[in-house]
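Following the hints, put chains A and W with the ligands in place on chain S, whose structure we already have.
Residue numbers (our numbering), protein chains in the order written: chain S, 1 to 175; chain A, 1 to 255; chain W, 1 to 546.
No lab work stands behind these hints: they were computed from the structure.
We put the CB at the ideal spot given by N, CA and C, even for glycine.
Once the Cα atoms are required to be at most 20 angstroms apart in a straight line, the calculated SDA-like pairs of lysine to any residue come out as:
id	chain 1	residue 1	chain 2	residue 2
1	S	Lys87	W	Gly283
2	S	Lys87	A	Met185
3	W	Lys277	W	Leu245
4	W	Lys277	S	Tyr34
5	W	Lys16	W	Ala139
6	W	Lys499	A	Glu68
7	S	Lys61	A	Ser203
8	W	Lys499	A	Leu76
9	A	Lys225	A	Cys210
10	W	Lys60	W	Asp90
Listed next, the stretches of chain W that the computed footprint assigns to chain A, with coverage defined by at least 3 CB atoms under 8 angstroms from CB atoms of chain A:
id	region
11	450-459
12	467-478
13	499-507
Some, not all, of what chain A presents toward chain W, calculated at C-beta under 8 angstroms:
id	residue
14	Leu106
15	Tyr140
16	Pro141
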Amino acid sequence: MKDQGAPPEASVQVSSKSVEDRRLRLVNRTMQLYRNEAHALIETLHAVQESFGYLEEDVLKYVARTLRVPLSRVYAVATFYHSFSLKPPGEHTCVICMGTACYIGGSGAILDALREGEGIVSGETTSDGKVSLLVARCLGSCGLAPAGVFDGEVTGKLDSEHVLERIGRWRGHEH
Amino acid sequence: MKIHPRKNVRSDLNPSRLLTFRIDERVVSAHEDESILSVARQNGISIPTLCHLDGLSERGACRLCIVEVKGVARLLPSCVTFPRQDMEIITASERVVSYRKKILELLFTERNHVCAVCVSNGHCELQNLAVELGISHVRYPYLYPRLAVDASHSRFSVDHNRCVLCLRCVRVCDEIEGAHTWDIMGRGITSRVITDLNQPWGSSETCTGCGKCVQVCPTGALSEKGKSVAEMIKRRQFLPYLQMMRGRQDESWPK
Amino acid sequence: MNIEDLHQIARIEKSKQEGFQHQIHVCVAAGCLSCGSGQLKEALEKEIARRGLDTWCRVKGVGCLGLCTAGPLLSLETAGIFYQGVKVSDVSDILEALGGAPVERLICPVNSAFFRRQVRIVLENCGRIDPERIEEYMAESGYGGLALAVSQMSPTEVIEEVSRSGLRGRGGAGFPTGLKWTSVAKASGLTKFVICNADEGDPGAFMDRSVLESDPHRVIEGMAIAGYATGASQGYIYVRAEYPLAVKRVRLALFQAERMGVLGNNIFNTSFSFNIKVRLGAGAFVCGEETALIASIEGRMGRPRPRPPFPAEFGLWEHPTLINNVETFANVPPLIRKGGRWFAGLGTEKSKGTKVFALAGKIMNTGLIEVPMGTSLRDIVFDIGGGIPRGKEFKAVQTGGPSGGCIPGQFLDMPVDYDSLAKVGSIMGSGGMIVMDESSCMVDVARFFMEFCMSESCGKCAPCRVGTRQIYDILCRITGNLSGPDDLAMLEDLCDLMKSTSLCGLGQSAPNPVLTTLRYFRDDYLSHIHDKRCLAGACKAAREVA
Ligand SMILES: Cc1cc2nc3c(=O)[nH]c(=O)nc-3n(C[C@H](O)[C@H](O)[C@H](O)COP(=O)(O)O)c2cc1C
Ligand code: SF4
Ligand code: SF4
Ligand code: FES
Ligand code: FES
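One chain only, chain S, in its complex shape (with noise of 0.2 angstroms):
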């Protein structure tokens, strides 16, 4: 490990706004908890993908700089893990998990379907900004095959027409 001493400028300023200053709260605090030290990279993502909702451009210059990681390297383990996400995210995020178990209970099914009824595709967010469809590789509720994640909460035995009328409330559409 390198010896790592006090970061260069620890107070850049990340943008005017002060609402921002709140949000890099947890990802300073996060790094401090580190000493600053260039492993904390990934703990830090995750605090500022948890603050943020993505990986903005600007914060990750400001991490880059106070952890004494190399950009390109930030933006190397930014791209590596599937965790982080450098697009912000839509107004509601649905997570469909497309493990082994859930792809045999037919979450495959559940994906087509809502390509076709909502044009949806996995990775991206929908054009009126409203939902975000990601998938997953297992949530662990695997019992409860097909599951999936509607904001934050685990559902678990999904079925194309459930999903589709949960995606169609948000997106402020009947089915």
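Just chains A and W with the ligands now, kept in the frame of chain S:
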């Protein structure tokens, strides 16, 4: 990345043993911390490599340098495997050679290697390997990805269609130049080398413009602008020297 | 904290529990929570308080009760009754029935094979203790193994006990745990690390998650014992970020263990010190591979590196490092308490002890089970698992996830142990067991796993990076009835190439699902290729063409 057993240890404190073993029926001797690849080359036995480059850390990734060792079921990458007393190494068995061909063919299918229109035509390591291994046609379907060419840098350009992801550029930039402008984004088949925050090379704040990455690139992926095909011969004999002089392998960013 | 204190806490806790005539256990593991067991528990508590029953009846949140499909689950510890699919509206009926005849309509048949056939070591406390209270773990002899090890055994004796037990790693490859501990103990260096691999990347497996959610202290105790035996004083638990509840419970458990003094400095008044930190994964299957996991803890991309050197001598931050799976560590405390010989008495000749499996897919009783090694597949699927629902025909059982294989009906009587599974081309893996019925097309299943490996491949080595993509393309062509005459041969050729030349276990074992389905379900392939028809009627394109 440091490869074990460590190099650069003080020989009086950590005497390294001299071993004798066989490579292709020939009896050779070497220190225990010299890789099989380097011992073979010192003895005039050639083993094809792609990710290995004298003067850079080892990655063991391209798998072209695999060899067979008697009594070991797995094939071992010779660039990161160290000899043992009485080991029997076979560098060019039929099995190994056929795997090497297939791996190289896979690399040809991965991106768009259209040699006829490439600046490195004639000086390309990938091309040379294909000749060396006797590849006349590729048995797997081409994947034809649509990849960008970034010519934003004033002196160099990067053509991702020719990149084989050997990461020599990433290593030289980090280990020798010390800039770490390059790294690799994404994973698996979608991996791609990037500069800084995946921005145009020309806008990179960290690139010193030294051109070392261009010199180490085995293919036409990284090239100097305005050079004709004949001029695109790469110079890299300075690398082992710089590696030794800078001696910063111990604190480089592992790949 | 000394040993007396530990016994004292256990005694107080026991007598407190005995004070209640009835204890209602509500499962609050992730599965049941997602069917509303949280609200159910609250409703029960409120109703009990309203009726003034709180002096003799207590509601307790417990870890996984096993039968995840039937959730939310309740168990009445004293009466030995299980209720399934309980709703908030059932609360008053349940309370009224306490001490009398149980509520018929909710009863879950307890004496069914699902509960009867299991032998619980790792899961002994699952569903019985509150995972958020360390005292309850202590009341079940928790931390007794650690106390015994540090105060009465030398590190070598601890390792000998583990070796004698014949315990093999539960993370997949089945490497003898005693041997691994010995090499870390022998490795030179003053700083050593212990890492618990809780990355559980196999999609369809949830054993490690359940253990961490239901009995986190057991894993912590196992790690501390390993630290004592190998000479490490710092541990890491690497947990998937997809398991927020497990992360929360582990963090809480660590906090409690530190406060109680069973972690930290001078544990049980000895010179042994041990601390544990939690590290979060970030959605990469390959980070289950040990060198990639280490890279990830160090804050880098999770790309494996060639081994040797093995982590045992050259691991986290270049120090000797022990890496074991959650379940491996969970086996350690009882093994130390009861002795290696006791443990070796369970299981088969070469596979000792029990194994936790996550049963899922087309099976009646989905959930978590623990059986002695060597139990036959038939017993697991048809007896414990209750067979295939809707009268469908059994087709295959998949073990080992993306690195494992699909086992056909002809091997149903095979004992489940490391070596038998390897013999039929699969692996034990971490314990996911997915049952498939006749409606699954095995080419499609192979395609599913190859898609997984393709998107999880780290991309470091050429054979895996490009090979997974090429194989995936071929499988897509076959399921889409667009395959050419050479595709089958090319498939076999690429599988062989990847197995022999890939850098890490992911690439080396990614062909297994393809190879086993080719071997046992070749008709599924041939029908797609020659008749342009999906035998199982599962593949869409095939149906359209037909
Ligand atoms: C691609 C890949 C994924 C793996 N995933 C896991 C995993 O999710 N959990 C696990 O415990 N071991 C996993 N392993 C195995 C680990 O590398 C390692 O062998 C194991 O944690 C050792 O623990 P054990 O000896 O207790 O089994 C994986 C291996 C590979 C090659
Ligand atoms: S750009 Fe050249 S040096 Fe860099 S990874 Fe690609 S082929 Fe290798
Ligand atoms: S086998 Fe696959 S996952 Fe493993 S190192 Fe190679 S590319 Fe990465
Ligand atoms: S496979 Fe979907 S929750 Fe496990
Ligand atoms: S040269 Fe050895 S693996 Fe590439």
